[in-house]
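Quick note, the sequences are listed as chains R and B, same order. Here the working numbering is used: position 48 in the first sequence is 48, and no number is missing along the way. Offset between the second sequence (1-based) and the working numbering: plus 110.
Calculated directly from the structure, the hints in this document are not laboratory data. Note that the structure is a prediction, hence the values are computed from the model and not measured. Check each hint, because a few of them may be wrong.
What the hints assert, rightly or not - For each label pair, taking beta carbons as the anchor points, the in silico distance ranges come out as:
#, chain 1, residue 1, chain 2, residue 2, range
1, B, Ser220, R, Val36, 44 to 54 angstroms
2, B, Ala182, R, Ala8, 21 to 31 angstroms
3, R, Gly32, B, Lys244, 32 to 42 angstroms
4, B, Asp180, R, Val12, 26 to 36 angstroms
5, R, Lys27, B, Ser159, 51 to 61 angstroms
6, B, Ser255, R, Met13, 42 to 52 angstroms
7, B, Gly256, R, Gly9, 53 to 63 angstroms
8, B, Glu241, R, Ser68, 33 to 43 angstroms
9, R, Asp74, B, Gly222, 27 to 37 angstroms
Said to hold, decoys possible - A few chain R positions that, by computed beta-carbon distances, are all more than 10 angstroms from chain B:
#, residue
10, Ala11
11, Gly19
12, Val21
13, Gln24
14, Leu25
15, Lys27
16, Asp30
17, Ala63
18, Asp74
19, Ile92
Backbone N, C-alpha and C fix where the C-beta goes; we use that ideal spot for every residue, glycine too.
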Amino acid sequence: MPGSGPNAGAAVMRGPMAGKVVTQLVKGTDWGDLDVLILDLPPGTGDVQLAVLQELQLSGAVAVTTPSKLALEDTRKGIEMFTSLGVPTLAIVENMSYFMVSEVLAYIDN
Amino acid sequence: MKCLLILTIDRATGTRTSAHKLNSLAQCEGGSKHYPFGRGLQALSSEGSLSCSSTTQLPISPVTNGANDDGAPICLTRPGEAEDELAAFQQLAKEVSNELLLLRYSEPDSSGLIAIGGVQFEVANISCSIEADKASFSVRLYSESGATKVRVPAANIRDRDPKTGEPLSGESPETENSASNSTSGDMVTVTKAKTLNKPRNDPSIIPTSIEKKGKYGFAVEWDDGATIIYSMHAIAKTAANVANTKQ
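The shape of chain B in the complex, shown without the other chains (with noise of 0.2 angstroms):
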C-alpha cells in the first residue's frame, strides 16, 4: 500500500516535488479522504469568493493514472473500479447540461435588458452594421415581441465610453489620444490611433469597418486609425438613448 499511494501521487503530478508534499503526511488513518495539496476549492467555497458555485472534485487514484498513460476512458475500460471518478463526471455533466439549458431558456436579468418606448430588448442579442452612407451604424434589437432598428449617428458612438455607453463629452481628446496603442486591462477597447487631432465626435470621422467580437462587442475601425471595441451594453445604450430621444 506505501508503495502504491507514494506512485500515484509521483506519477499523477510528475515531478519530485509532490512527493515531498505527501511526505508532510505522516500517517494515514484508513477509509479517509485526504488533501495533499491543501483544500483548495473546498476552502475557497467557503470563503465565497468563487464566482462559479459548480464544482467537482477528482481524486488521484491508480485508475485516473492508468487512463492518463493509456489513453483510454475509464468509463469504457475500468468502469468498476472508478466509482469516485465516475460519479464526479457524472455530477459536472448533470450541472454543465442544466447551466446551457438555463442559460439558453431563462429570461435575462435586468443588467441585460435595454428599454425603448416601454419595449425591453435583449442586449446580448443585438446586431450591428454601417449603413452605406458611412455616416451612421444600425443597430438592430430582439426582443420576445419583436424587433426593432435604429440608426444612430456614428458620431455619437464615437463620443460614448466604449465599455458603459456613458457620454464622454467631458474628457479631452487628448487623453484618448494618450491611450492610443494600448489594449485596456478590461479588454474592451482597443485604440491604435495614428492620430487623433479631430474632436471625438467630429461628424467627419466615419466608421470603415466593423466586425463582431465573440459575446461581448463590436470592434469599429474608424477612418481616422483608431479601432475601438464596443461592448454590446455600450452600443445597445447608445442605440437606446437616440430612439428614446426621438420618440
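Chain R with its partners taken away, still in its complex shape (with noise of 0.2 angstroms):
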C-alpha cells in the first residue's frame, strides 16, 4: 500500500483512492474484541472524511484545531460536516492554546 511500511514513501493518491485506502483499512481489519476504537483523521472535509462518515457508523468526534482563526474557521466547518451527516462532536481540543512563564521576567527579542 502507497506510503506504508518502515521505508515508506509519500502517499501520492488521489482523493477516491485515498477514500476506498480507508475504507479497506477500517473494514479490512479484524480488530478483535474492542471497547472503543479511535481513528485520527487528517485535517479538512475530504474523501477520507467522507469515505469514513458513510462507512461507519461512528459515535462521535472529537475536533483538534490551533488558535489560528484560520484553523478555528476549518475546524468549525469540519464539525458542520460531521453534524450534517448525524455525527456529534463530543469535544474541541486547542493544541499550543498558551504558554506559561514562570517565576522570572522573561524578555523576547529577536
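Hey, can you piece these two chains together into the complex? The hints should help.
Following this line, the structure appears as C-alpha cells:
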C-alpha cells in the first residue's frame, strides 16, 4: 500500500483512492473485541472524512485545532460536516493554546 | 529562559512564522498564561458561535514538545513535569466519556422521533430494504416498547425530497435532471441520472440496490440510472405517512 512500511515514501493518491484505502483498512482488519476504536483523521472535510462518515457508524467526533482564526474556521466547517451527517462533536481540543511564563521576567527579542 | 521559550515555540510549530508571532510579545510577566496565537476557542466560545460546549486547551510546553519528538506519552515518561497537560487530557477523557454515555442511554429529543399510530419510533434506528417484488421498500422502525414494519411503495420514496421527506410533486422532472451528476452542498443527495424523461413517481422506475450510509441515510440506486441518498428522516417520515394513511 502506498506510504506504508518502515521505509515508506509519500502516499501519492487521489481522493477516491484515499477513501478506498481507508475503507479497506477499517473494514478489512480484524480489530478483535474492542471497547473503543479511535481514528486519527487528516485535516479538512475531504474524501477520507466522507468515506469514514459513509462507511462507518461513528459514535462521535473530537475536533483538534490550533488557536489561529484560519484553523478555527476550518474546524467549524468540519464540525458542521460531521453534524450534518449525523455524527455529534463531543469535544474540541485546542493545541498550542497558551504557554506559562513562571518565576522570572522573560524578555523575548529577535 | 529566553532561549527555552523561543525554542519551544519554534519546534512546536515547525515554522519561522510562529517565532515572528512570538516577537510581538515584548515582555511577559512571570506566572501567567500567554496566548501567542490569539484567544482562539475562548473567543469563539464567548461569541456563542461554537456548536460544541466542551473545549480543552493544551499548552505549549517543553514536555509536550519532548513527547512529540520521542513519541513517548507524557503520562508514562514524565508525569511529574506535566501537571497542566495531564489535567487537560483527564478533563477531555471525562467529558468525552460523559457525552458518549449520554448519547447511548439518554432519550432522543422530539426531532429524533416519528409517530405512527400514537407510538413514537426512533428515526436514527430505522432499517430499510428492497422487497422481492422491487416495487416497494420494507422499512422497520423501533421504539422502546416494540417494532413495526411498513411497506412503502417505491414511487412514494422517489417522489419525496431526499433530505426532508416532503413531497416533490410541485417540481418538474427537468429540475431534477438539471441537478444530475452533481453532489449537493448538504451531501444528502447524489444524483447520477442518465435520463429522467419519465415522471419522477412513475411506478415503472424500480430500485435496484440500497446501501446504508453512515448514520444519516440510505443510498438507493434506481433502474433509470439515478443514485439518491435519502436521509433517515426522509425515509421514516415517508413510512409514517404511509402507515398513518392506512390507519
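Checked hints:
1. B:Ser220 with R:Val36: 44 to 54 angstroms: Roughly 30 angstroms apart at Cβ, these two residues miss the hinted range, so it is violated.
2. B:Ala182 with R:Ala8: 21 to 31 angstroms: holds, 22 angstroms
3. R:Gly32 with B:Lys244: 32 to 42 angstroms: holds, 39 angstroms
4. B:Asp180 with R:Val12: 26 to 36 angstroms: holds, 29 angstroms
5. R:Lys27 with B:Ser159: 51 to 61 angstroms: The hint (51 to 61 angstroms, Cβ to Cβ) is violated, given that Lys27 (chain R) and Ser159 (chain B) are roughly 36 angstroms apart.
6. B:Ser255 with R:Met13: 42 to 52 angstroms: holds, 49 angstroms
7. B:Gly256 with R:Gly9: 53 to 63 angstroms: holds, 56 angstroms
8. B:Glu241 with R:Ser68: 33 to 43 angstroms: About 53 angstroms separates the Cβ atoms of Glu241 (chain B) and Ser68 (chain R), which means 33 to 43 angstroms is violated.
9. R:Asp74 with B:Gly222: 27 to 37 angstroms: The hint (27 to 37 angstroms, Cβ to Cβ) holds, given that Asp74 (chain R) and Gly222 (chain B) are roughly 28 angstroms apart.
10. Ala11: Correct as stated: the minimum Cβ-Cβ distance to chain B is 20 angstroms, above 10 angstroms.
11. Gly19: holds, 13 angstroms
12. Val21: holds, 18 angstroms
13. Gln24: Per Cβ check, Gln24 (chain R) is outside 10 angstroms of chain B; nearest 17 angstroms; holds.
14. Leu25: holds, 17 angstroms
15. Lys27: Fine: 13 angstroms to the nearest Cβ keeps Lys27 (chain R) off the interface.
16. Asp30: Check passes; 22 angstroms lies beyond 10 angstroms.
17. Ala63: violated, 7 angstroms
18. Asp74: holds, 13 angstroms
19. Ile92: violated, 5 angstroms
Consistency with the previously given hints fails for numbers 1, 5, 8, 17 and 19, ordered from lowest to highest.
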